[in-house]
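K.L.:
Sequence:
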Amino acid sequence: MKIAGMQKLSLVDYPEKMCCTLFTSGCNFRCPFCHNAGLVVRPAEDLLTQDEVFDYLKKRKGMLQAVTISGGEPTLQKGLKEFAQKVKELGYLVKLDTNGTNPDLLVDLVQSGLVDYVAMDVKNSKAKYAITSGLSQMDISAVEKSVDFLLKGTIPFEFRTTVVRDFHTIDDFKDIAEWIGNPQNYFLQQFVNSGDLVDDSVHGYDNNEMQQLIKQVNQYIPNAKLRGV
799 MKIAGMQKLS
809 LVDYPEKMCC
819 TLFTSGCNFR
829 CPFCHNAGLV
839 VRPAEDLLTQ
849 DEVFDYLKKR
859 KGMLQAVTIS
869 GGEPTLQKGL
879 KEFAQKVKEL
889 GYLVKLDTNG
899 TNPDLLVDLV
909 QSGLVDYVAM
919 DVKNSKAKYA
929 ITSGLSQMDI
939 SAVEKSVDFL
949 LKGTIPFEFR
959 TTVVRDFHTI
969 DDFKDIAEWI
979 GNPQNYFLQQ
989 FVNSGDLVDD
999 SVHGYDNNEM
1009 QQLIKQVNQY
1019 IPNAKLRGV
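The C-terminal residue of the sequence shown carries number 1027 in my numbering, and the numbering is unbroken.
Simulated from the structure, these hints should not be mistaken for lab results.
For each residue, glycine too, the CB sits at the ideal point set by N, CA and C.
A few of these clues could be false.
The calculated label-pair distances, taken between Cβ atoms and stated as ranges, are [stated by the list, open to error]:
1. N826 <-> T847: 19 to 27 Å
2. D969 <-> T847: 46 to 54 Å
3. V905 <-> R1025: 25 to 33 Å
4. K859 <-> G911: 15 to 23 Å
5. D1004 <-> D844: 30 to 38 Å
6. D1004 <-> Q982: 23 to 31 Å
7. E887 <-> K806: 19 to 27 Å
8. R1025 <-> S934: 24 to 32 Å
Start from the sequences and build out the full structure, keeping to the hints where you can.
P.N.:
This is the structure in structure tokens:
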């Protein structure tokens, strides 16, 4: 496990739980709007050791309730399953943030009881998935398998889309609706320039535009909600 960072306390990363968020290094996407570019395009040099992480988690038992494993893309990490097992043994809930490109591991983690909540990015409509992910081309069948698995309701989950003016229109959300239906938790996240992007030429929608967009999206995905607005 290459752990490049740790947010010791988060009140927003795990629904209704106080959690610690871990950021793994490396990703198989190059989303231009990624706000964690340092974890994606630049190899992490100053990694946390697992001993450091578990020492902290042991000290915070009884105060923290959960651990969110984010990235980067965590499912690229060797030893993720064993790491999640150790976290569970300490009594914590585990949330996994993923782009859905490793459905076999996702299913294994869930069926093994090592993950309690999954947050999966739905980057865009199928037709625009590659360009939104910063790739010249891609086979999205793995992503489709992850979506299908989560829609079975085996585990609490959310889908989320970071909305970027350069990539997303209402027509894209119509297509997304045909794909994912109307899941209980689907969030449109406002893109905010973190100052450390893969491509700093992309633009977001402002607050008023996001408010107008969600009204339109709700015609197709009634449960869709805004996040970060």
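K.L.:
Between the beta carbons of R1025 and S934, is the distance compatible with 24 to 32 Å?
P.N.:
Taking Cβ atoms as reference, R1025 and S934 lie about 30 Å apart, which means the hint holds.
K.L.:
So does E887 sit 19 to 27 Å from K806, Cβ to Cβ?
P.N.:
For E887 and K806 the Cβ distance comes to about 20 Å; the hint holds.
K.L.:
Taking 19 to 27 Å as the hint, is the beta-carbon distance of N826 and T847 inside that range?
P.N.:
Since N826 and T847 have Cβ atoms about 24 Å apart, the given range 19 to 27 Å holds.
K.L.:
CB of D1004 to CB of D844, is that within 30 to 38 Å?
P.N.:
36 Å, holds
K.L.:
Determine whether the Cβ-Cβ distance between V905 and R1025 falls within the hinted range of 25 to 33 Å.
P.N.:
This hint holds: roughly 26 Å between Cβ atoms.
K.L.:
K859 and G911, beta-carbon distance inside 15 to 23 Å?
P.N.:
19 Å, holds
K.L.:
If you check the beta carbons of D969 and T847, does the distance land in 46 to 54 Å?
P.N.:
Hint holds: Cβ distance 47 Å, inside 46 to 54 Å.
K.L.:
Is 23 to 31 Å a correct range for the gap between the Cβ atoms of D1004 and Q982?
P.N.:
Cβ of D1004 to Cβ of Q982: about 28 Å, so the range 23 to 31 Å holds.
Violated hints for the displayed structure: none, as all numbered hints are satisfied.
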